[in-house]
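Each protein sequence line maps, in turn, to chains A and B. 1 is the number of the first residue of the first sequence in the numbering used here; add one for each residue after it. 1001 is the number of the first residue of the second sequence in the numbering used here; add one for each residue after it.
Any given hint might turn out to be false.
[Stated by the list, open to error] Derived Cβ-Cβ restraints for the label pairs, each shown as a range:
(1) A:Asp17 to B:Asp1253: 31 to 41 Å
(2) A:Gly48 to B:Val1456: 23 to 33 Å
(3) B:Ala1233 to A:Arg40: 15 to 25 Å
(4) B:Arg1060 to A:Gly48: 23 to 33 Å
(5) B:Ala1241 to A:Gly83: 48 to 58 Å
(6) A:Gly91 to B:Glu1377: 20 to 30 Å
(7) A:Gly83 to B:Arg1005: 44 to 54 Å
(8) A:Gly83 to B:Asp1253: 23 to 33 Å
(9) A:Thr13 to B:Ser1294: 46 to 56 Å
(10) A:Arg40 to B:Glu1180: 51 to 61 Å
(11) A:Gly83 to B:Gly1400: 28 to 38 Å
(12) B:Lys1335 to A:Gly18: 53 to 63 Å
(13) A:Pro79 to B:Ala1409: 21 to 31 Å
If you're looking for bench data, these hints aren't it; they were derived computationally from the structure. Just so you know, these numbers come straight off a predicted model, no measurement behind them. Where is the CB? At the ideal position from N, CA and C, for every residue including glycine.
One-letter residues, chain by chain:
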Amino acid sequence: MFRRLPDAAATLTVTVDGAPVAARAGESVAAALLAAGKLRFRDTPASGAARGPYCMMGVCFDCLVAIDGAGNRQACMVPVRDGMAIETQTGARKIER
Amino acid sequence: MNPARAVEEFYDVAVIGAGPAGLAAATVCARAGLATALFDEQPGPGGQIYRAVAGTPLKRDTILGADYWRGASLVADCAASGVHYLPNATVWSLSPEREIGVSLAGVAHMIRARRVILATGAIERPFPIPGWTLPGVMTVGAAQGLLKSAGLVPTGRVVLAGTGPLLWLFARQCLAAGAEIASLLDTTPRGNIVRALPHAAPFVASPYLGKGLALLQAVRPRIKIVRNVEALAAEGSGRLAAVRFRTARGAEDRVGADLLLLHQGVVPNVNLAMAAGVRHVWDGEQLCFVPTLSRDLASSIEGVAIAGDGGGIVGAEASAEQGRIAAFAAIRAIKPAEAASLIGAEAEARRNLARWRSGRRFLDRLYRPPDQFRIAEGDTIVCRCEEVKAHEISEAIALGCTGPNQLKAFTRCGMGPCQGRMCGLTVTEIIAAGRGVAPGDIGYYRLRPPVKPVTVGALAGLPAGDAATRAVVRE
């Protein structure tokens, strides 16, 4: 669980699984989701176990989400953009993505 | 620091990684008039230690501390040097011929350089404990990165656990930001200090002592600290609910937790260098693989140098000095006429490097993570991607599996998207312990490019020059 310091007020809106989430320009998708109280980003393809960000530096690949229709994006490495559509992932990435 | 408008096909020097080593190396090269590219995966310069130093939402105040803001001058010098700065760059291959495969905004490029300086820095050492894959369990570095880059602080019941200076530094930063830490579970073994003491003299004389004491004084009175923690587990269903631990006295406890932040030191980020074929050896002090480097930080591959923590953990200040030293060597090789005027600067860099390295051995020994938190057992997940447990690795060893590469065939361990970054060292040490063989003889995963994901579309879009064709077609 994380909270925003006053310096880091939200400036834009993205959607996460269809619901609006406030974010600050310049932060990563993972930071926006964590600030919104979301810890579970996906379920693993191997066993269906819940996962969320672990390293926040592009190393662990546990924060994978779908962004604007493209699956398996590293949420910690992609900056948010106003109107971005983010979806948590269940299992393996879908073939059409 | 403004990004270059376009990437060139050829540079005198390509620096990979914009942390302290890479920033310093690129600055020296570009100032000497060499055509220099600085590739970095993050959107802003600074690496992890100075992450987002040019773009953090935090005002210059007391939260992050003076050491962090020191990164701003490294960035300012680099910005004024004339370097081609290329952020959001994913370098996915480096060949022994110094051909670099890199994606920029989803477009792949093959770049060549006379000299390459790898400054890929460090990653946090794997910390395989039961439940470490649960949402709500992260690294201390992850939380610190969120503070620096996004202005977020942990909230709820926050537990820090592990060993090393970063735990204490982050605790102090949280306190300064008004965040509460429920407890700090210190896993530093009691015996470490005894093994560290023979190296205490250079540490006492080094700049680290004063910093360390100030940190401990600031944190100790304000956070519940549990020492000599010998067992640790994260519990919860679908997300973290509690942390269970046991101390050396045998006392067991279980505390409710919303966030568990783990840290037991950092290790070199070796994937790109290893995939390029750089020779690495096991470092028994730092418990990781490190490249073999010359005095000028040249690796086993002609024209490829490694500066900073990627060459063995030295810390931010020493990393910057190493970046400069690697840059001086590049200048000597490419533009010898410029080198004479830099002799004094190089001598100074070497003196500074020696000073910053002097306390390192003491720190390595004092914060050496204990065996049970490196060499996982039983049901603990080792390979997070393929969800391979420690007992499955032991079973493979019993069946005759001799090393990490064969283990892939037995279990798929290390074959997921992180490409072994989160399990490689654990696997080497489990097999070494299981077979009674030295880790250096067990070796590491044989790494292959691409070391980061690159789409087939991006590869197919490469301009069809000779270099590009060679990158994807071998005859």
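Now the hints, each set against the structure:
no. : hint                             : verdict
1   : A:Asp17 to B:Asp1253: 31 to 41 Å : 37 Å, holds
2   : A:Gly48 to B:Val1456: 23 to 33 Å : 28 Å, holds
3   : B:Ala1233 to A:Arg40: 15 to 25 Å : 20 Å, holds
4   : B:Arg1060 to A:Gly48: 23 to 33 Å : 46 Å, violated
5   : B:Ala1241 to A:Gly83: 48 to 58 Å : 35 Å, violated
6   : A:Gly91 to B:Glu1377: 20 to 30 Å : 29 Å, holds
7   : A:Gly83 to B:Arg1005: 44 to 54 Å : 27 Å, violated
8   : A:Gly83 to B:Asp1253: 23 to 33 Å : 47 Å, violated
9   : A:Thr13 to B:Ser1294: 46 to 56 Å : 53 Å, holds
10  : A:Arg40 to B:Glu1180: 51 to 61 Å : 24 Å, violated
11  : A:Gly83 to B:Gly1400: 28 to 38 Å : 55 Å, violated
12  : B:Lys1335 to A:Gly18: 53 to 63 Å : 57 Å, holds
13  : A:Pro79 to B:Ala1409: 21 to 31 Å : 39 Å, violated
Hints 4, 5, 7, 8, 10, 11 and 13 from the earlier list are contradicted by this structure; the remaining hints agree with it.
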